[in-house]
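A.B. asks: Below, each chain spelled out in residue letters.
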Amino acid sequence: MVWKKHDYDDIPGSYVFDGRRAHSSYALNKLFYSFNEESCRKEFEDDPAAYCDKFGLTESQKKLVVNQDFLGVLRAGTNIYYMAKFCIPRGVSVQDAGAAFQGISGDEFRENLLKKGEGLVERLEKEGGYWNG
Amino acid sequence: MAKIIGGVTTSHIPAVGNAISDGLTQDPYWKRFFDGYGPVHDWLAEKKPDLIIVVYNDHGLNFFLDKVPTFAIGCADKYDNADEGWGLKPTAPFDGDAEFSWHVAESLINQEFDMCTCQEMLVDHGFVNPMRVLFGDHEIWPVKAIPLAVNTVQHPLPSAQRCYKLGQALKTAIESYPQDMNVVIAGTGGLSHQLQGERAGIINVDYDLACIESIINDPDWFANQSTQEIIEQAGTEGIETIMWLVMRGALGEKVNCLHKHYHAPISNTGAGVLLLENADL
Chain B
1 MVWKKHDYDD IPGSYVFDGR RAHSSYALNK LFYSFNEESC RKEFEDDPAA
51 YCDKFGLTES QKKLVVNQDF LGVLRAGTNI YYMAKFCIPR GVSVQDAGAA
101 FQGISGDEFR ENLLKKGEGL VERLEKEGGY WNG
Chain P
1001 MAKIIGGVTT SHIPAVGNAI SDGLTQDPYW KRFFDGYGPV HDWLAEKKPD
1051 LIIVVYNDHG LNFFLDKVPT FAIGCADKYD NADEGWGLKP TAPFDGDAEF
1101 SWHVAESLIN QEFDMCTCQE MLVDHGFVNP MRVLFGDHEI WPVKAIPLAV
1151 NTVQHPLPSA QRCYKLGQAL KTAIESYPQD MNVVIAGTGG LSHQLQGERA
1201 GIINVDYDLA CIESIINDPD WFANQSTQEI IEQAGTEGIE TIMWLVMRGA
1251 LGEKVNCLHK HYHAPISNTG AGVLLLENAD L
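Chain order of the listed sequences is B and P. Going by this note's numbering, the first sequence opens with residue 1, and the numbers climb by one from there. Going by this note's numbering, the second sequence opens with residue 1001, and the numbers climb by one from there.
The set of hints was computed from the structure by calculation and includes no laboratory data. This list has only true hints and no planted wrong ones.
In the EDC-like style, the derived pairs of lysine to aspartate or glutamate whose C-alpha atoms are separated by at most 16 Å in a straight line are:
id	chain 1	residue 1	chain 2	residue 2
1	B	K126	P	D1206
2	B	K42	P	D1083
3	P	K1067	B	D18
4	P	K1165	P	E1253
5	B	K5	B	D18
Please put together the full structure from these sequences, using the hints given.
C.D. replies: Now the structure itself:
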């Protein structure tokens, strides 16, 4: 059995959520999907390890979830949208999770984003046709 | 006969909904982004469309990864919003139009787009935030709405070209509906952004503006790009921009651009607003 190689595998710093990742992280994503229901969130809170067992997580996956190792959970192939259901209620935004990949703080991450907008209005004026207030 | 009177594009990110809920639309961070919808609001108020088809991707509310339809269309009379896992207050439900949906689904399938038909469909922020940002919050929404979901989450995804062709088929489907009805198509998501990996946080203004120009004047340029090429330029989540091509395909060959707005960043993304009308109307 072999996972087919894709051109997108070579894009640096990017993890495309394809069959290979979806397969290996299925139980993790399913656990996080259950958090759409408030009663499931409560059940998890009451006994995280037991809840992980219920979803058939491996021991290493369970450790990541119980320890709230958000970066580890992402590296284990969890889809970012399912990750959001785990991290947002715990005060960790999707931006904070992204920042963790670079070893910087959420604030630094947001600063870097703001820099992307510098000079934008002038740029759009030059392009022409854009609404500018 | 039903008629497509125009197409719009908009971001659908959760932060947009949060900003509306928290009353932050005139906050310095958000003001330029939200003010850029003004001309679209004016147009919608003037045209009063009967129905809007919102092309979006589900983020794990209605569809789990056990079953991921490439293209799905709501075929119900009503669509509910629900909590996505962090305590969001659901909006009022959206009225659909089952007869119209089933006609569109049948026409699309006859045109070899094998849609997943959904008689129950929870709509998440990908659908709800475009509705809120285009129409404001309502207990009774002023327009019927139909969700059309595209898988942009779990690869393999439909290609950009396939999305463009779906839009063209959607045009045929809508224009063959016997009842008089004015329809707007919203292409949502994008533009460039990447939420995870060491490359998280990319915003590619050059590429975003090129996509905007392509959607208006030369859709083939964007439609001919591969998933890998788009991800390379726009980021893993920026691939959502292919949904703009569904909207664009549903318009005619030539369009008039009535409004063009770009802002970056909003949260992690470059955000584009377009209002397009068929040139031959």
